[in-house]
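Protein chains in written order, with the working numbering: chain A, 1 to 145; chain Z, 1 to 119.
Among the hints, a few may not be true.
[What the hints assert, rightly or not] Estimated spans, in silico, between C-beta atoms of each pair:
(1) A/PRO25 - Z/GLY110: 42 to 52 angstroms
(2) Z/GLY114 - A/VAL56: 12 to 22 angstroms
(3) Z/HIS48 - A/ARG118: 42 to 52 angstroms
(4) Z/PHE95 - A/ARG118: 32 to 42 angstroms
[Said to hold, decoys possible] Among the chain A residues that face chain Z by a calculated CB cut under 10 angstroms, a handful are:
(5) TRP31
(6) VAL56
(7) TYR72
(8) HIS77
(9) SER81
(10) LEU92
(11) LEU119
(12) ILE122
(13) LEU123
(14) TRP132
(15) THR140
Hints in this document: simulated from the structure, not taken from any laboratory.
Built from N, CA and C at the ideal position, the CB exists for glycine as well.
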Amino acid sequence: MFAVKQPTTKVLPLYQEFHPRWYRPRVSVYWWLGQWQYLKFILREISSVFVAVFVVITLLQLRALRAGPEAYARFQHWLQSPIALAINGISLFFVLFHTITWFNLAPRAMAVRFRGKRLPEILIAAPNYVVWALVSAGVTWLVLR
Amino acid sequence: MAKQSSEAVLWSLFSAGGVVAALLIPVHLFLFAIAFPMGWLRPPGYEHLMLLLRLPWVRIYLFLMCSLSLFHWAHRFRYTLYDGLQVKHLNELIFTLCYGGAVAGTVFAGYLLGNWSGP
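With the rest of the complex left out, here is chain A:
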C-alpha cells in the first residue's frame, strides 16, 4: 500500500500523496458570545445549574423540617437573607427560561399534521402552558390551604 519509501527522519512531510489536509479552524472558547442565538443556547444550558441549586435548597429545607420547628424557623430566616433572595431570584429567572424553552421545543420535536397541513406551533405548545397553569394552581392550593 505504501509504495513511497518512508523517511527515516522524525520530521513529518508537509505533503502526503492522496491525503487531504483537513480544514479545521480553531474555535474560540468564547464562541457562544458572538450571536444572540448562541448565547440563548448557552443560557438555556446553564439553566440546569439553577435547577440543581433549587434541588439542593429544597433538600436542605426538608432536612430542616425533619429536624423540628426551631430548625425550620432558622431555615426560613436564612431564606430572608439578601444572599438567599439574590440566588433564588436569579434561579427563578433561569428556571422560567428553561420552562419556556422546553415547552416551545414540543412543536419542533413533533410535527402534527391535520388535513395535510402542519398545525401552527402555538397550537402544539399551548397545552403545555395549560398543564403548567393547572399544576401550579394545584401546588399553590395544597400549600396555602
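Add chain Z to chain A, keeping to what the hints say.
Here is chain Z on its own, set in the frame of chain A:
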C-alpha cells in the same frame, strides 16, 4: 452497544427531568423562596407542612421532583462543559462528577423522604 443503551437511559432521565423541572420548579421556587420570604404571601405553618409530608404520595412526588431534576442537570451540564468550554479531554471526570452528584442527591432525598419520622 452497552454504551449506547446507557446513553439512551441517561437521555430519558434528562428528558423526564426536563419536563418535571419545567412544570414544577417555578411554582415551588416562587412560593417558598420568593413569595414567603418576601412576605407577599402568608407562609404555611410548620404543622401544615408536616401534615402534607405525612402523605406518602407527597413524599413520592417530592422525591421524583428532586431526583429527576438532578439527572436533568447532570446530562445538560455535562454537555455544557464538553462543548461550551471545550474540555472533552476531561470527559470521564465530568461524567463521574455530574452523575455522581445526581446519584448522591437522589440517595439523600431517599434518606430524607423514605423513612419520614417527623415529630
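Structure-based check of each hint:
Against the hinted window of 42 to 52 angstroms, the Cβ-Cβ separation of A/PRO25 and Z/GLY110 comes to about 48 angstroms, which satisfies the hint. A hinted range of 12 to 22 angstroms holds for the C-beta pair Z/GLY114 and A/VAL56, which are about 18 angstroms apart. For Z/HIS48 and A/ARG118, the hinted distance range of 42 to 52 angstroms is satisfied, since their beta carbons lie about 48 angstroms from each other. Checking the proposed 32 to 42 angstroms range against Z/PHE95 and A/ARG118 shows it holds: the Cβ atoms sit about 38 angstroms from each other.
Checking A/TRP31 against chain Z: minimum C-beta separation of about 9 angstroms stays under 10 angstroms; hint holds. At a threshold of 10 angstroms, the smallest CB-CB gap from A/VAL56 to chain Z is about 7 angstroms, leaving the interface hint in force. At its closest, the beta carbon of A/TYR72 sits 6 angstroms from a beta carbon of chain Z; the interface hint therefore holds under the 10 angstroms criterion. A hinted interface residue such as A/HIS77 counts as satisfied when its beta carbon comes closer than 10 angstroms to some beta carbon of chain Z; here the least separation is about 9 angstroms, so the hint holds.
Hint on A/SER81 holds. Least Cβ distance to chain Z is approximately 9 angstroms, under the 10 angstroms limit. Hint status for A/LEU92 relative to chain Z: holds, with the closest Cβ pair at about 5 angstroms, below 10 angstroms. Hint on A/LEU119 is violated. Least Cβ distance to chain Z is approximately 21 angstroms, over the 10 angstroms limit. Evaluation of the A/ILE122 hint against chain Z yields a violated restraint, the C-beta minimum of about 17 angstroms exceeding 10 angstroms.
A hinted interface residue such as A/LEU123 counts as satisfied when its beta carbon comes closer than 10 angstroms to some beta carbon of chain Z; here the least separation is about 19 angstroms, so the hint is violated. Against a cut-off of 10 angstroms between C-beta atoms, the interface hint on A/TRP132 holds, since the closest Cβ of chain Z lies about 6 angstroms away. Annotation: interface hint on A/THR140 holds; nearest CB of chain Z at approximately 6 angstroms, less than 10 angstroms.
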